[in-house]
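Residue numbers (the numbering used here), protein chains in the order written: chain A, 21 to 296; chain B, 21 to 296.
Watch out, some of these pointers could steer you wrong.
To be verified - Beyond 12 Å from chain B on every Cβ pair, some chain A residues (computed):
(1) 23
(2) 42
(3) 82
(4) 251
(5) 252
(6) 254
(7) 263
Said to hold, decoys possible - Here are some chain B residues pointing at chain A (derived, C-beta under 10 Å):
(8) 137
(9) 149
(10) 285
(11) 292
To be verified - Now the stretches of chain A that chain B is said to cover, found in silico as 3 or more residues with beta-carbon under 8 Å:
(12) 193 to 200
(13) 275 to 281
For the record, the hints were derived by calculation from the structure and aren't laboratory data. For each residue, glycine too, the CB sits at the ideal point set by N, CA and C.
Number of protein chains: 2
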Amino acid sequence: MSTTIAAYQLAPRIGDLAGNRERLVAAVRQAAAAGADLLVLPELATSGYVFASAAEARELAEPVDGPTAQLLAGVCRETGLTVVYGFPEAAGEVVFNAAAVVDGSGVLAAYRKAHLWGDEPDWSGAGDERPPVVQTAFGRLGLAVCYDLEFPEWVRLAATDVDVLCVPTNWPASARPPGERPIETANALVAGALNRVFVVAADRVGTERGVPWVGGSVIGGPDGYSLAIARPGDTEQLLVATVDLAQARDKRVGDRNDRVADRRGELYRRAGADDR
Amino acid sequence: MSTTIAAYQLAPRIGDLAGNRERLVAAVRQAAAAGADLLVLPELATSGYVFASAAEARELAEPVDGPTAQLLAGVCRETGLTVVYGFPEAAGEVVFNAAAVVDGSGVLAAYRKAHLWGDEPDWSGAGDERPPVVQTAFGRLGLAVCYDLEFPEWVRLAATDVDVLCVPTNWPASARPPGERPIETANALVAGALNRVFVVAADRVGTERGVPWVGGSVIGGPDGYSLAIARPGDTEQLLVATVDLAQARDKRVGDRNDRVADRRGELYRRAGADDR
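Pulled out of the complex, with its shape left as it was, chain A reads as follows (with noise of 0.2 Å):
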């Protein structure tokens, strides 16, 4: 059985709500006509990232089941889509750099980053949960949110029981070699590989409040190569792969291996893995 899985790779304007949710709205109705069963869009992909203050987010973020989920879930209703995408939510008094799931039928999971990168820290709280594993008319989805997928106990328990590893993000730009791909697009499809999971991470571009992004968004298979890629330089676009997801069930590696069963989790465990 195929599935056509998408990563929308776009430059969300600051503080714009209304004109991001309109975006957003066009990406997914972009993907639905190319196919696409799902459609993942960048970290932050409602009200931008470079926040001036936690004031600034606070006034940006809206609760998990807020107009940009139900705007999205009546797209859904429509196209038959399945959506990711970033937010800042607001829970109470707290704010956080959120993802969530939607379907049709609304909000199917949320999920808050756990590894915080920069400034964030100012604005947004830390997750403490686990990344939930989604069920889906197609497949299972796992979550994990830029800066998580740098830490690869993470990753391991955002891939484990999941076909398609779904990762809003916002890559700033950096120096790199010429010819060389952003070490994040490089760790997003090893992530890939190491896991057997199929990984979609939908990257962000233009320049925000002097932060340039670097546009890495890809599709990878469980084997590690890549299925589609950023055209480089600082353009939105639509990446789309039709997959068998069925192949990320197998963790067979060769003849005799097999990526899950091969883990020595006593011995990371005597070892002191995660001792800190």
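Since the structure of chain A is provided, determine the placement of chain B on it from the hints.
Chain B only, in chain A's frame:
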């Protein structure tokens, strides 16, 4: 202070202990001529990899301080190098897929591969000890052997408190899309980035008893980008990079983040990271 780190990608001949030892000595001399302080050699470099039987592995095995260690220690005394190499270790009745670190003073440390690949369980015991931190005159070395590197929990342990992660390896060639690096090479680079250490992976080339090897040797920096990478094709070659190992002592990324301090070990434990 600059340090020159090197990998020699070579093709041992299965069963030819004397010839392979000569090849290793020649590689050390070539690395010395290139100014290397550290040379990493492939997995099972003394023996070849594809044993026909456990008996053959046992015949080719030697103790940690056996003839190869003594031979290489002599060349290290002459040249000032420190050498890491893989060999089948004879330990009583058991054989291990091991790596040793040797300098002019003799054997500094040894390590037994903990994650066995393919038919290795038919001839090798699995290591049960955390990789050592090996103090040398120029820096601290960590060890992992081949498939070990595909378990990031283990890599985290191997890379803790080290400057260079040394990886003797034998990566079998497998299909990959045109233009892509072998996923094993990409993974080695990402392992360096996620732990902010240098990585030296010495792969082998040649086809042995029907198994072709990929020749994916690489030296990577703590930012995850390649400093030296094997030319494609079935080619023996020396890779060399002159680096400042102190970079691996600085775990910061961006202005406010740190690859070690940002880990959430307690959360990983609570979420059951190593429960299977």
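The hints, checked one at a time:
1. 23: 20 Å, holds
2. 42: Its Cβ never comes within 12 Å of chain B, the nearest being 32 Å, so this holds.
3. 82: At roughly 26 Å from the nearest Cβ of chain B, residue 82/A sits farther out than 12 Å, so the non-interface label holds.
4. 251: 15 Å, holds
5. 252: 14 Å, holds
6. 254: 21 Å, holds
7. 263: 14 Å, holds
8. 137: 6 Å, holds
9. 149: 8 Å, holds
10. 285: Since the shortest Cβ distance to chain A is 4 Å, the answer is holds.
11. 292: With a minimum Cβ separation of about 8 Å from chain A (threshold 10 Å), the hint on residue 292/B holds.
12. 193 to 200: Held - the segment 193 to 200 of chain A has 3 residues with a Cβ nearer than 8 Å to chain B, which meets the minimum of three.
13. 275 to 281: Satisfied; 5 residues make the cut.
Hint compliance for this structure: every hint is met.
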